[in-house]
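Student: Model the full assembly from the supplied sequences, consistent with the hints where possible.
Going by numbering that gives the first Met the number 0, the first residue of the sequence shown is number 0, and it counts up by one from there.
No lab work stands behind these hints: they were computed from the structure. In this text, all values refer to a predicted model and were calculated from it rather than measured experimentally. Backbone N, C-alpha and C fix where the C-beta goes; we use that ideal spot for every residue, glycine too. One or more of the hints may lead you astray.
Claimed, not checked - Computed list of lysine to any residue pairs in SDA-like fashion (alpha-carbon distance at most 25 Å, straight line): (1) K126 x G38; (2) K80 x E57; (3) K49 x E105; (4) K119 x R29; (5) K49 x G63; (6) K123 x L93; (7) K49 x D35; (8) K49 x A134; (9) K49 x T78; (10) K98 x S130; (11) K49 x W59; (12) K80 x G63; (13) K49 x G20; (14) K31 x G117; (15) K31 x K49; (16) K126 x A94; (17) K123 x N136.
Stated by the list, open to error - Restraint ranges, calculated between C-beta atoms of paired labels, are given here: (18) K80 x D27: 20 to 26 Å; (19) A92 x E118: 21 to 27 Å; (20) A134 x Q25: 25 to 31 Å.
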Amino acid sequence: MKKPAAKTQKKSGAKEAKPAGSPSRQIDGRIKELGDWRGETLAQVRALIKAADPEVVEEWKWRGVPVWEHDGIICTGETYKAVVKLTFARGAALADPSKLFNSSLEGNVRRAIDIREGEKINDKALKALISAAVAANISARAGRRK
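Tutor: Now the structure itself:
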């Protein structure tokens, strides 16, 4: 059964709401809107995520958070004043030999990487972490099917 198209309400004097576009375009917009080191960093990690997993799906959730998925959430890319935060949904279960995780270390499930202005990203280690997160998602999904 087909869902009816969502209706947009028009407030008096307001411009009619435009469709937000695809998640990828929304992420493009966020990068452009930031226009500083945070946008550059978000673009860089996005490229690394896509290089590590060409099958990654980009989503836009929770009122404006870029999310990368493959058989579940790999990570999110939040931007704050002082950091770009990559939060890995299953980070606590991932091996991190390069010690990239530096935030949310107390949780039982998630782990995060806070990237500050001027910090260099270890491309090879981040790609390995992305690949490990994808493998964990695939494994968890296969386990649920049994």
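Student: If a hint holds in the structure, say so; if it doesn't, say that too.
Tutor: Now for the hints, and whether the structure bears them out:
Proposed proximity of K126 and G38 is supported: the alpha carbons are some 19 Å apart, at most 25 Å. Our distance criterion of 25 Å between C-alpha atoms is met by K80 and E57, whose separation comes to about 23 Å. Proposed proximity of K49 and E105 is contradicted: the alpha carbons are some 28 Å apart, above 25 Å. A C-alpha spacing of about 21 Å is found between K119 and R29, which places the hinted pair at or below 25 Å, so the restraint holds.
Proposed proximity of K49 and G63 is supported: the alpha carbons are some 20 Å apart, at most 25 Å. Our distance criterion of 25 Å between C-alpha atoms is met by K123 and L93, whose separation comes to about 16 Å. The straight-line distance between the Cα atoms of K49 and D35 is roughly 21 Å, inside the 25 Å bound, and the hint therefore holds. A hinted pair counts as satisfied when its Cα atoms are at most 25 Å apart, and K49 with A134 qualifies at roughly 15 Å.
Distance hint between K49 and T78 is fulfilled; the C-alpha atoms sit about 19 Å from each other, no more than 25 Å. The suggested pairing of K98 with S130 holds, with an alpha-carbon distance near 16 Å, which does not exceed 25 Å. Annotation: proposed proximity of K49 to W59 holds, straight-line Cα distance about 16 Å (limit 25 Å). Restraint check: the Cα-Cα separation between K80 and G63 comes to about 15 Å, which is no more than 25 Å; the hinted pair holds.
The straight-line distance between the Cα atoms of K49 and G20 is roughly 20 Å, inside the 25 Å bound, and the hint therefore holds. For the proposed pair K31 and G117, the alpha carbon gap of about 19 Å is at most 25 Å, so the pair holds. Proximity of K31 to K49 is assessed by CA-CA distance (about 19 Å); at most 25 Å being required, the pair is judged to hold. Among the hinted pairs, K126 with A94 is consistent with the structure: their alpha-carbon atoms are about 13 Å apart, no more than 25 Å.
Distance restraint check for K123 and N136: the Cα-Cα separation of roughly 20 Å lies within the 25 Å cut-off, and the hinted pair is therefore satisfied. Separated by about 21 Å at the C-beta atoms, K80 and D27 satisfy the suggested range of 20 to 26 Å. For A92 and E118, the hinted distance range of 21 to 27 Å is satisfied, since their beta carbons lie about 25 Å from each other. Checked against the hint of 25 to 31 Å, the C-beta distance between A134 and Q25 comes to roughly 27 Å, which is consistent with it.
Comparing the model with each numbered hint stated earlier shows that hint 3 is the single one that does not hold.
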